[in-house]
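In order, the protein sequence lines correspond to chains P and S.
Just so we're aligned, residue 817 is where the first sequence starts under our numbering, counting upward by one.
Just so we're aligned, residue 817 is where the second sequence starts under our numbering, counting upward by one.
Hints listed in this document are in silico derivations from the structure and should not be mistaken for laboratory results.
Owing to the predicted nature of the structure, the values given are computational and were not obtained by experimental measurement.
Some hints could be false.
Unchecked claim - Quick partial rundown of chain S residues pointing at chain P, CB under 7 Å, derived from the structure:
(1) Ala838
(2) Asn851
(3) Tyr855
(4) Lys1021
(5) Glu1023
(6) Asp1077
(7) Asp1130
All residues carry an ideal CB built from backbone N, CA and C; glycine is no exception.
Protein chains: 2
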Amino acid sequence: MKARCSEKPDLVIRNVQVFNTAFRGFYPADVYLLNGRFYYVDIKKEHLIEASETVEGHDRYMIPGLIDIHMHIESSMMTPAVMARRLAECGVTTIVAEPHEMANVNGIRGIQDMIGNGKEAPIDIFYGIPSCVPATRPDLETTGGIIDAASMTELIKDPAVVCVGEVMNYREIIKDNDLEISRFLNELSEKDPRYTVEGHCPALKDEELAKFIYLGIDSDHTEHDIEELKQRFFQGMYVELQEKMLKREVIDFIDKHSLYDHFGFVTDDVMADTLMEKGHLDHVIRLAIGLGMSPEQAIYHATCTNARRMKLTDRGQISPGKLADFSLLTDLRGVVIDATYKNGRCIYRRDEKTASIQGSQLSEKCDTFSKDYFYSVKVPPVKPDRFVLKTDHSDTSQVLAEVMEVSDGSTKTTRSLVWLPVEEGIVRWQHSGCLLTAVFERYGKSGRVGYGLVSGDFMKEGAVATTYAHDHHNLVVVGSNEEDMALAANSVISAQGGICVTKDGVIKAFLPLPIGGILSDLDADEVGKKLKEVRDALIAQGYRHYNPIMSLCTLSLLASPAIKISDFGLIDVTAGEPVPLIREELRL
Amino acid sequence: MKARCSEKPDLVIRNVQVFNTAFRGFYPADVYLLNGRFYYVDIKKEHLIEASETVEGHDRYMIPGLIDIHMHIESSMMTPAVMARRLAECGVTTIVAEPHEMANVNGIRGIQDMIGNGKEAPIDIFYGIPSCVPATRPDLETTGGIIDAASMTELIKDPAVVCVGEVMNYREIIKDNDLEISRFLNELSEKDPRYTVEGHCPALKDEELAKFIYLGIDSDHTEHDIEELKQRFFQGMYVELQEKMLKREVIDFIDKHSLYDHFGFVTDDVMADTLMEKGHLDHVIRLAIGLGMSPEQAIYHATCTNARRMKLTDRGQISPGKLADFSLLTDLRGVVIDATYKNGRCIYRRDEKTASIQGSQLSEKCDTFSKDYFYSVKVPPVKPDRFVLKTDHSDTSQVLAEVMEVSDGSTKTTRSLVWLPVEEGIVRWQHSGCLLTAVFERYGKSGRVGYGLVSGDFMKEGAVATTYAHDHHNLVVVGSNEEDMALAANSVISAQGGICVTKDGVIKAFLPLPIGGILSDLDADEVGKKLKEVRDALIAQGYRHYNPIMSLCTLSLLASPAIKISDFGLIDVTAGEPVPLIREELRL
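Could you build the full structure based on these sequences and the hints that come with them?
The structure is reproduced here in structure tokens:
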């Protein structure tokens, strides 16, 4: 129950420079708290009010707890509870997470178990309903779960759910109104016409963009040029800016047109090693400040506007009645978090990091995930001969094969064709500059294996296997030779999930992901460290991409162009259909 | 059901200067509508999109339908349906009304019947739950209904209800947590911690203001000096500016500190004749423009910020997917409304006013109010001797009497004392400069009559009787002689409600208010005309107040200082207790 306002405040933080949202500035003040909420921001200090406890602020900056309204916990490969502890260090006290990765693994139960695990977190975790699971269709990719309209209707009743998560099939939904998500949105527009629906629509413009927004999907967080950005603001979208959108021209455009109340900062995907080395929403704020935005303005867009977008009107500013979520900072421009409070309780102190954060128990991290999550990779041990490509005819001398061409700077691939020699019915891809890719269906459904070839700015030697593979998260194995591929695959299978890099018969780096094959049961820094080792190993083996892990894990993402791979083999993403690996055979 | 976005637009408004919310500016465009919502704002016009119907915009300004989030329909003395028709002429397409007047007359049923009647309106009427009915306590004023915590819990379930209406007992609620509204707010903070709660807290400052906001009440629309205004913004309130707050220093303060996204314009109380002569929220916008605010900025605060405050995120801007609520204007600075559309349908055209607005049927206006609303003044005909003041002792020669002193410019009164002669046990107040006031309990409860005296900037001759009397709405009669008082009272009783001005045995002006004694069954302009006659008659009879109707009807408002009147007689508002009319008797 909310305290009576006639009670004595529980806590006062004296002598801070408090951030004021309406005035977007810092003011010297004493800030009183009562029963987990702010009680009074006293800038007059004419007479001291008695409080049960006093914390000396030492003239530090006091900012509202940061609010990230578009992010995926699974990208950190941590459980919600573990990630939340790390977020407290970054000053983040509220997130709206979209758990479509776990939904691909385990359907509606996957989402419910993410919600359940998040309840043990020291920060508030709200959720968006995943709206595109599977990312495409069951005849193109096998997933562990499917979220249909009925599941969405069920999920929306959970008080932790505050929006429909990013609607990603933006090309289809503006044409085809018989999708599960279309049916659900139609129903929703009747029952709750003001419900928040988040979008994802890279490059969409003009009337097509309007069609998307017309469906009630009025935010976007993908990358744009200035014309696309302008159209989004103009057609009434709330723009969510993540790191890759932070360019000086974007900041200048917003400033020139005073678009301040129509956008906020988000993180989308932050991997464990980035989280360890750079931080989270605090990192995005630092980047914005570096690009010339004032710290005050940057904080506003990581708190006030985001809270408003999600109708979380009980937080996002330091003012009476709002949840007492805040951080104390010595260095404002550097966004160095000294301490973070949630509901008036200190959940992080930099000088006591070991005690408050590292001391978490394994049980807290994954207890809410039942035993079956730890047995989700239903693939028997793999022998090297599973990575032998055979032709239909023994007298074939050459084949023209489809190749996924990877380019640095993008998760999109391009299609290319290559002639490969064939000996005794076996395709000799090994010295062609291509690597073999095999996708093993791992949910115990069809046992299907899809094959493909990859080249370009990809790794050159050894092999890698991963069950963290957007969005279907089957077991993806890529490599230059059968033995290393089998070793990587079997390591992941035996750990029941993970990312393993091998070379010359040796495991070079390995991050086990035993929870649903996509999450670790380790602490944040351990996950960060192991992921960094995986990244370094991939780079050492020749991966030339700016983010090799992202590049590797999206080789299987059928929502992104142009040719990707699933347990059904190569998929032409644009056409939405499978492509035969071997296009032509030259026979003797 | 929301239309599919692949359908042909229903309507296009070609060649308009469309208001864009994010950019706060006008842009030449064609605006497409589909199924009651905006479909596309085309500023490129590279190729025409086919629509079922075309309206030529003639380069007029197209602005979003105005949204008034703090107002009382009963102040217009019209039914919701009738007032809504008038509002369409003013460009207002959404209101959030707070029906505490009708709640005082008929409790929860009064509110439900207001909601029911509003459903026939051409605009959207949402409601705030009245939180202070009665305004004070049942032992200080008799009302027709009481809204307790249980009633509020019931009302909040209605989909038309979007907030808790202004919490007005701001001095008590910060001290006493056992009020009905305190109990309800406590319950609400558990069940729906982000529910919108509107406030009313004139002059409240510093820690006391914080205590009020701490309870979750975070808006205010009362009048303030700059220091009070600053505190409201600083402590996180949404500020609602009405006409009386519109001063150049206020506009300058907002501009200087860029407080644009934290306030909106509202009307609160607009009477029928003002509505006829000056308009509604359009009038407030005109005033703001007159004080130097740009029309673009002024429109923003009568649409976007207000929609956001009430979480009405399906409206308030001209962009895809939002409700197609808008007006077309030739004269932007003058805010001259040529036409208004709601859900894509034209509900008002200035050049066809007679046909579209005046053609309303009586049945639409008041059918939803059942027969008992037309028999709400349960007072038998009054004889002149009811206005004779007697003393307890026949040998009294003079009495010292309490007087409510009315001052121009305010609805507050001050206390004064006057010696009056007594003849044969009868107080001769007639030539003292005071008028007699009698309040007849009219709900068929106690039949109590309270007496008082009034002087100052009040009327001087004749009499007036009204059942429109904030907040208890009993029958209030004030006059200079018994005969005119009886005539006025009996006219109102026989019409079962209204405001009647008499002089020299003649009815000078009369606005019948037969619905619950506070609403007319006439059309907007007729109500306006008759109310104007009442106002003119009061002025002709010596009323010197800038708003004599407001002054008259708040003589009974126990929520406003310092001495007011109810069926219990004179009430010391500050002390919250009755005051004897006769303080002292001088006996022979």
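Those earlier numbered hints the structure runs against, lowest number first: Violated hints (numbers, rising): 2 and 4; every other hint is consistent with the structure.
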